[in-house]
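Q: So you can see what is in the structure, the chains are spelled out below.
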Amino acid sequence: MKKQNKIQSREVMKYSSSFVMIVLGLIFNFFEIGKNEFVGFSSVGSWLIYIGFLSIIIITIRVFRTKNKVVDERMIFIANKSMRLTFLALIVFAFGIMILDGIKTIVVPYHLFMAYLICGLMLVYFISYKILLRFY
Amino acid sequence: MKTKITFYRNKLGITQEDLGNLVGVTRQTIISLEQGKYNPSLELASKITKALKRKYIEEVFKL
Numbered sequence: 001m002k003k004q005n006k007i008q009s010r011e012v013m014k015y016s017s018s019f020v021m022i023v024l025g026l027i028f029n030f031f032e033i034g035k036n037e038f039v040g041f042s043s044v045g046s047w048l049i050y051i052g053f054l055s056i057i058i059i060t061i062r063v064f065r066t067k068n069k070v071v072d073e074r075m076i077f078i079a080n081k082s083m084r085l086t087f088l089a090l091i092v093f094a095f096g097i098m099i100l101d102g103i104k105t106i107v108v109p110y111h112l113f114m115a116y117l118i119c120g121l122m123l124v125y126f127i128s129y130k131i132l133l134r135f136y
Numbered sequence: 001m002k003t004k005i006t007f008y009r010n011k012l013g014i015t016q017e018d019l020g021n022l023v024g025v026t027r028q029t030i031i032s033l034e035q036g037k038y039n040p041s042l043e044l045a046s047k048i049t050k051a052l053k054r055k056y057i058e059e060v061f062k063l
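Line order of the protein sequences matches chains A and B.
Taking this note's numbering, the leading residue of the first sequence gets 1, the next gets one more, and so forth.
Taking this note's numbering, the leading residue of the second sequence gets 1, the next gets one more, and so forth.
Treat the hints as calculated values from the structure; they're not laboratory data.
We put the beta carbon where it would ideally sit given N, CA and C, even for glycine.
Listed next, with one range per pair, are the computed distances between beta-carbon atoms: (1) A:I99 x B:R27: 42 to 48 Å; (2) A:Y136 x B:L12: 22 to 28 Å; (3) B:S46 x A:A115: 42 to 48 Å; (4) B:L12 x A:C119: 45 to 51 Å; (5) B:R27 x A:R10: 23 to 29 Å; (6) A:K130 x B:L12: 30 to 36 Å.
Model the full assembly from the supplied sequences, consistent with the hints where possible.
A: This is the structure in structure tokens:
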């Protein structure tokens, strides 16, 4: 019961923060704050509204889908272990990229490079988590 | 770590799923514990001992 109340209060917190984002977005747009300040970025208000709505949708989906999900200490232990592995992979990647860049200059745009790197790290985390589940 | 979870669980006639629900972990975690692959925390070990109606943790878990 206590745990259920804790979960409910967490959901309320998430919903209220999303509503705050939407309201802030409306206020920003109304007073034209943060408009045309960034290239390729419509306005701060519009993005706040967009993220607010997106988070409401995600929270609602999670509320309905993950009711009986159990996260036990073994899962947390494995998640921590795979996070450490991912960090190690990041260091190895960085080292490899430095050497590669020294041999031949990397011409991939910065945003694309970062996107690839993040996706790669997520993949490493996911795969290492799935593999470690079999060992512990 | 050697455990006697399977022995006491069978004695009580409860499944891995039931034991998992009693102590708040998944069935896979109970399997790992029974196979000695995963070392539980003191909290989980004490919960399992209580669920298996034993008095001391040493009765269920052995180093």
